[in-house]
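Mind assembling these two chains? They're in different frames, but the hints should get you there.
Note that the protein sequences, when read in sequence, are chains Z and W. The numbers in the first sequence follow the numbering used here, run straight up by one, and end at 124. The numbers in the second sequence follow the numbering used here, run straight up by one, and end at 259.
Mixed in with the good hints there might be a few duds.
Said to hold, decoys possible - Calculated from the model, a selection of chain Z residues having no Cβ within reach of chain W, i.e. all distances over 12 Å:
no. : residue
1   : Glu56
2   : Pro59
3   : Glu60
4   : Val63
As the list claims (entries may be wrong) - Chain W side only, calculated, beta carbon under 8 Å to chain Z, not exhaustive:
no. : residue
5   : Arg138
6   : Val190
7   : Leu236
Derived from the structure by calculation, the hints contain no laboratory data. Think of the CB as a built atom: it goes at the ideal place given N, C-alpha and C, for glycine as much as any other residue.
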Amino acid sequence: MMGASKVPNVRGPELAVARLLSRGALASVVLFGAAVLLMLSGSISPLDAAPGLDLERLPEDLVALRPSALAWLGTGLVLALPIGRLGASIVGFARRGEPRAAIVGAATVLVIAVGVVVGLAGRS
Amino acid sequence: METWLFIVAGGLAAGVFGSLLGLGGGILIVPLLTLGLGIPLRDAVGVSLICVAATSAASGAVYLRSGAADLRLAMTLELFSAAGAIVGGVIAFALDERWLAALFAALLLGVALSMVRRRAADATDVSGSVTARDKPPRRLRLGAAGGIAGGIASGVLGIGGGIVLVPLMHMVMGLPLRVAAATSGVMIAVTASAGGIVYLVRGGIEPYVLAPTALGVFIGAMTGARVAPRVDLRILRALFVVVLGYLALRMLGRALGLT
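Only chain W is shown next, with the shape it has when bound in the complex (with noise of 0.2 Å):
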């Protein structure tokens, strides 16, 4: 029982977190399987790309409708971070778990380093009322090669790839940050797909620790965005700072074979 608690509790709170911060589950169902339940982080991976793939479908419908997300672009970038999360894929089931281990407290430390170095005016420019057809995008070419990147991450652990995505098409093509965070939202559907279907076919996925998991996820994505608008983003980040560090030692301790 204690097991099931740990999961669907869990889920909830990744899909919580990462809907008010603005972030994929993925950063961290992967640690909660694998740091928590003792899941092989390939699996995690596995489980985590479903995961995120079912929640941006989600969000990505509310986003389109909002006339937020640039489809046309979504559609172009999509090309190249869904050929990165196949690349992605398979360079994760090339490489030692140990490794992957590295790669994800890696990823886990820059985050919690670029949310202590975020600034409170981007929170407002995501609510602002700006819309995809305001500000056209530029440096496709560009572009381009950052969704590569984003896919790859994607594919290799197990997120949506916003995390490379969101600064590329703000910082890099030009775009607000709203328009850019709600076409990454689109995007990740299909890149996660891309990923996840890799290691559906490769046999990287447990039914029995996705199903639970995913709902929770879904549930608290869902509920995060109701009560987004009450929350004090300050606290809530620096608490998740503390979280992504002690996840980062963590996880640098199994890549050390230290647990």
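Looking at chain Z on its own, in the form it has when it is part of the complex (with noise of 0.2 Å):
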């Protein structure tokens, strides 16, 4: 599925986009990595309950070296790695003088931010 057996001449926004989704899926499968570390040193289960998402809290839990901090940043990691791959498609695009295609990953963007949006209109 992976395996690209050719390589043909790929330029412009492609290849940045690229390189932004290899580096951040590699960084983001490293804090997994690593909370698991962390869990099984200190004889955490994956079936214990672990603490919410708390952006506050955050800097703090990952300075603690708090298993579920580094959990919820690598899963931070994964969720705006599309997003940042849609910036720099955004701003490749636009730099080739193909303003159609750029203002299609803006509206792609903002279908994204409505997203959070609704999740937090959901929240009970």
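Below you can see the structure in the form of structure tokens.
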């Protein structure tokens, strides 16, 4: 599925986006891996109740190397990657004089922002 | 310790199988967590969406570098699949878990049936050297409607949506199968993330379950991609059909309140 045997000449937004995706995905997996190691060292089971996401406490929990904080950071990175990818595409296409593609990308970012609002609105 | 082994080994298996058979891992992650560990179905879907988004980001990078994926088309369809995924996420929180289980059982059966009917020619087409520039897409409006459907399926069931998007781009929009699969692979990260955000904001993601599952799925997917050329997919596909059939029955039992 991921193997590419032939590499044609791909330039512009595609390459910048590919670089962002591969590095970001690797960073998120490193964060999940670190969370797993900390869970193992702290005898925390995957089925134990985890603290919910608290953005105000997150920096403090990260400094304290709490596994849930690393997992939340990894989650945030995974969710931010596609938005970053869209941002890189928007800039790339705008620079190449393709405003239509850039506008479509911006509209998708807007849709995702609506998703956050919809999610927050439905919270009890 | 058994929980650890189960979750990591299950994640690895989901990643390897998904990668070898061209599926996102979601179709295996959700039953693994729900039927194997007793995690509520909605939480399993939330975890699955994050795992799918992470692996899709990595595979999307490969597809873009190879020139197989059509980034412009991906961005156009993502607008619709992301909207669909948000709607799907909202639907999932409104539905009773038994209905979710019934829908998932139907998905498992559908995928099993499509694998039975799939011809070996598909696999050879995917490994060809055609690039996204070779054939422009057509019927964009139908593609947009299908994108919404794929997004809803993703948000409700915790899958990438490729099961809808690949046939849509190949059969309706006229793209070569390899380009359709690659473009779908790029889109899945955005689609799954849009749904995942709804689950995150509504408290539908368990970080202690997510971390080992995501690690296993990611390593499994990378391993699967490397060993794919040396594996006899016919045997693997037959085995997978049996596994999917079994999981569908178990999920149906859950929907009917039998387990």
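Hint check results:
1. Glu56: Non-interface label stands for Glu56/Z: nearest chain W Cβ at 16 Å, farther than 12 Å.
2. Pro59: 16 Å, holds
3. Glu60: Its Cβ never comes within 12 Å of chain W, the nearest being 16 Å, so this holds.
4. Val63: The claim holds: Val63/Z sits with its nearest Cβ about 17 Å from chain W, beyond 12 Å.
5. Arg138: This hint is violated: Arg138/W lies away from chain Z, its Cβ roughly 17 Å from the closest one there, beyond 8 Å.
6. Val190: 4 Å, holds
7. Leu236: 13 Å, violated
Against the hints set out earlier in the document, violations occur for numbers 5 and 7.
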